Amino acid sequence: MLLAIAWRNLWRNKLRSSVIFISIAVGIIGAITSVGFMSGMVDQREDAAIANEVSNIQIHNPKFLLNDEAQYMVPGAAQKVSEIEQIPQVKGVSLRLKVTGMAASANAGAGITIRGVNVASELKVSDINQNVIEGTYLTQNARFPAVVGQKLAHKLDLGLGDKIIITLSDSSGTITSGAFQIEGIFKTANDQFDESNVFVKKSDLAKLIGYPNNVGNEIAIRLNSNMDTPMVVNKLDKMMVGDIHSDKIIIQSWDQIQPLLKSMVEMMDYFSYLFLIIIMAALAFAIINTMLMAVMERTREIGMLMALGMNKRKIFNLILLETIFLSIIGAFIGLGVSVLVVHHYAIYGFDLTNAASGLNSFGYSARIFFRVSNEFYFISLILVVIIAIISSISPALKALKLQPATAIRENI
Amino acid sequence: MSIIQAKNIYKVYNETHVPVHALNGVDLEIEKGEFTAIVGPSGSGKTTLLNIIGGLDLPTEGDIFIEGTNLKTLSSRQLIDFRLHNIGFVFQAYNLIPVLTALENTEFILELQGVSKKEREKRAMEILKTVDIADKRDHKPGQLSGGQQQRVAVARALVSQPKYIIADEPTANLDSKSTEELLTLMKKMNEKFQTTFVFATHDQRVMDKARRIITIEDGKAVKDETFER
Numbered sequence: 009m010l011l012a013i014a015w016r017n018l019w020r021n022k023l024r025s026s027v028i029f030i031s032i033a034v035g036i037i038g039a040i041t042s043v044g045f046m047s048g049m050v051d052q053r054e055d056a057a058i059a060n061e062v063s064n065i066q067i068h069n070p071k072f073l074l075n076d077e078a079q080y081m082v083p084g085a086a087q088k089v090s091e092i093e094q095i096p097q098v099k100g101v102s103l104r105l106k107v108t109g110m111a112a113s114a115n116a117g118a119g120i121t122i123r124g125v126n127v128a129s130e131l132k133v134s135d136i137n138q139n140v141i142e143g144t145y146l147t148q149n150a151r152f153p154a155v156v157g158q159k160l161a162h163k164l165d166l167g168l169g170d171k172i173i174i175t176l177s178d179s180s181g182t183i184t185s186g187a188f189q190i191e192g193i194f195k196t197a198n199d200q201f202d203e204s205n206v207f208v209k210k211s212d213l214a215k216l217i218g219y220p221n222n223v224g225n226e227i228a229i230r231l232n233s234n235m236d237t238p239m240v241v242n243k244l245d246k247m248m249v250g251d252i253h254s255d256k257i258i259i260q261s262w263d264q265i266q267p268l269l270k271s272m273v274e275m276m277d278y279f280s281y282l283f284l285i286i287i288m289a290a291l292a293f294a295i296i297n298t299m300l301m302a303v304m305e306r307t308r309e310i311g312m313l314m315a316l317g318m319n320k321r322k323i324f325n326l327i328l329l330e331t332i333f334l335s336i337i338g339a340f341i342g343l344g345v346s347v348l349v350v351h352h353y354a355i356y357g358f359d360l361t362n363a364a365s366g367l368n369s370f371g372y373s374a375r376i377f378f379r380v381s382n383e384f385y386f387i388s389l390i391l392v393v394i395i396a397i398i399s400s401i402s403p404a405l406k407a408l409k410l411q412p413a414t415a416i417r418e419n420i
Numbered sequence: 061m062s063i064i065q066a067k068n069i070y071k072v073y074n075e076t077h078v079p080v081h082a083l084n085g086v087d088l089e090i091e092k093g094e095f096t097a098i099v100g101p102s103g104s105g106k107t108t109l110l111n112i113i114g115g116l117d118l119p120t121e122g123d124i125f126i127e128g129t130n131l132k133t134l135s136s137r138q139l140i141d142f143r144l145h146n147i148g149f150v151f152q153a154y155n156l157i158p159v160l161t162a163l164e165n166t167e168f169i170l171e172l173q174g175v176s177k178k179e180r181e182k183r184a185m186e187i188l189k190t191v192d193i194a195d196k197r198d199h200k201p202g203q204l205s206g207g208q209q210q211r212v213a214v215a216r217a218l219v220s221q222p223k224y225i226i227a228d229e230p231t232a233n234l235d236s237k238s239t240e241e242l243l244t245l246m247k248k249m250n251e252k253f254q255t256t257f258v259f260a261t262h263d264q265r266v267m268d269k270a271r272r273i274i275t276i277e278d279g280k281a282v283k284d285e286t287f288e289r
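Protein sequence lines correspond, in order, to chains Y and P.
Each residue of the first sequence is one higher than the last, beginning at 9 in the numbering used here.
Each residue of the second sequence is one higher than the last, beginning at 61 in the numbering used here.
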């Protein structure tokens, strides 16, 4: 009957209860959709970084990371690639030849990274081919083809079919140049990447700088699921323990390669909960106020319950249950609407085209696909219940302080 | 043996500031089955005395015994439990739980006592029939007249078969017809179940039905009369 009384008490002042339902619902919708937006943004950045820039795992010669010179190859790279391909979680492995140099056109020049890739294996590792907006990705048969970022193409004033002159050091340390023909132009959500990367065939680049085609200074590994990254890194550490201990190679996961992105993902999680807690704390005051009003209005009724023999524990539980009902209804409305909003924007995306140039310059997409984990929905609900319990303490204590003999004569 | 024994009861409010002496040495004994009215002018102390008899308040001095149990020796929790199992209450403003039906209001005390759902429903229905309000069992207080609400309040007070019932101005908000019906009903219950009723009232109609009238003035019992009715 305590449940029945608590539940029915909610509907005694429908307007007041509705205001609280709506406040809680709006608070939750605000918190969840904001988190959905921010998580979506960071997730997309993470996905794009893995898909286009760093893949899940990379293997280098440690000296390459220090000096960024082409000569520091991964020892036994071809053998390693075929061993890594046997790992079930691995989607693809690409042995790359990565060199820094200068790109020039008739009008301008720019510092770039030249990524010599084996087209067939690179297609399993990188999604750059899916970001080609003009022309095609590197075709096997073309001679000295290059795919450049749109930003770089604009900077050098180059278009499809134009020649791009790449200057770099060869294996003997001598400066050499080569002309590549632009076969495709790509555009990712990261302007900085687009402005500084050129993809060429590894065989062409190796020939230009005097290395055999079977060597590489970067092994990029793409997994079927990013969740498996720590496990596969662990596996690779065990597989290549000798090379690691003798400082011949270093294995890095994407978050070690881009620690800023990693800390952003972690901060996002932290801020999501902080944001939710701040909103809930604000709502707690509204709940406390409402329940205090309810207790004050019902002074005589509570006095009567005490007079009849209802003990303090039950009085406390009555106020607690009423507060929980009040909060949970608001929470379910809020969660229901949030699920719909997040689902909508998870499918169609939230269009920020007007701010595209600014977002792209930081590596973010202009269409944000919301993402909220089931865990976050669940924690939001639990948090509402906790806030309700905390909020009920003050009104309940006020009720418990009432003296039945005086309370039953209250005129309110 | 007396059900209620009040010995030299004093009650002082605001002891530390401006003390108000509500009761000044009241001695009182009430036997089982009595139909007693405590009367007196406003501020005479009759409600204070009723609160002390009902275990809602404790005397500043003196002792209050209910069938030999001194209420002053009980802890706050024990006192609540004592009220639940021994005393029925009928208030001036009915004080039913507005969100519960007549049947649920009547069952409420039994639920607090831990009686099973089946048993409490049976007993509540029986008592609602006795007070002639069973046809309104599913009505909430807001859907009942004052007289009907007070009948439900009486049913609630009686359903747990308490040792005695405290009724504070039970007819104050009722019209003449409802008052007459309610008093007849209470008298009937008193005779049928030997339930002890103690009223605080200034309603002459209640006094006319009472078999004993205790008059309180300035916190003292100044007159104690019994009648054959």
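To be clear, the hints were calculated from the coordinates, so they are not data collected in a lab.
Treat each hint with caution, since some may be false.
As the list claims (entries may be wrong) - Straight-line Cα separation of at most 25 Å, SDA-like style, residue types lysine to any residue; simulated pairs:
#: 1; chain 1: Y; residue 1: Lys406; chain 2: P; residue 2: Arg137
#: 2; chain 1: Y; residue 1: Lys409; chain 2: P; residue 2: Thr190
#: 3; chain 1: Y; residue 1: Lys322; chain 2: Y; residue 2: Ala294
#: 4; chain 1: P; residue 1: Lys177; chain 2: Y; residue 2: Asn325
Claimed, not checked - Quick list of the computed label-pair ranges, beta carbon to beta carbon:
#: 5; chain 1: P; residue 1: Lys223; chain 2: Y; residue 2: Val34; range: 29 to 37 Å
#: 6; chain 1: P; residue 1: Met267; chain 2: Y; residue 2: Phe340; range: 37 to 45 Å
#: 7; chain 1: Y; residue 1: Leu300; chain 2: P; residue 2: Glu288; range: 47 to 55 Å
#: 8; chain 1: P; residue 1: Lys92; chain 2: Y; residue 2: Phe340; range: 48 to 56 Å
#: 9; chain 1: P; residue 1: Asp87; chain 2: Y; residue 2: Leu300; range: 56 to 64 Å
#: 10; chain 1: Y; residue 1: His351; chain 2: P; residue 2: Ala194; range: 50 to 58 Å
Just so we're clear, the structure is a prediction, and the values are computed from it rather than from any experiment.
Don't be surprised by glycine CBs; every beta carbon is placed ideally from N, CA and C.
Each hint tested on the structure:
1. For the hint linking Lys406 (chain Y) to Arg137 (chain P), the alpha-carbon distance of about 18 Å falls within 25 Å, and the restraint holds.
2. Note on Lys409 (chain Y) and Thr190 (chain P): the hinted pairing is violated, with a Cα-Cα distance of about 37 Å set against a maximum of 25 Å.
3. The straight-line distance between the Cα atoms of Lys322 (chain Y) and Ala294 (chain Y) is roughly 24 Å, inside the 25 Å bound, and the hint therefore holds.
4. As the CA atoms of Lys177 (chain P) and Asn325 (chain Y) are separated by approximately 20 Å, the hinted pair is consistent with the 25 Å bound.
5. The hinted range of 29 to 37 Å is not satisfied by Lys223 (chain P) and Val34 (chain Y), whose Cβ atoms lie roughly 54 Å apart.
6. The given range of 37 to 45 Å is broken by Met267 (chain P) and Phe340 (chain Y), whose C-beta atoms sit roughly 57 Å from each other.
7. Hint check: Leu300 (chain Y) to Glu288 (chain P), Cβ distance near 54 Å, so the stated range 47 to 55 Å holds.
8. Hint check: Lys92 (chain P) to Phe340 (chain Y), Cβ distance near 54 Å, so the stated range 48 to 56 Å holds.
9. Against the hinted window of 56 to 64 Å, the Cβ-Cβ separation of Asp87 (chain P) and Leu300 (chain Y) comes to about 43 Å, which falls outside the hint.
10. A beta carbon spacing of about 53 Å between His351 (chain Y) and Ala194 (chain P) agrees with the range 50 to 58 Å that was offered as a hint.
The structure does not agree with the numbered hints 2, 5, 6, 9 stated previously, though it agrees with the rest.
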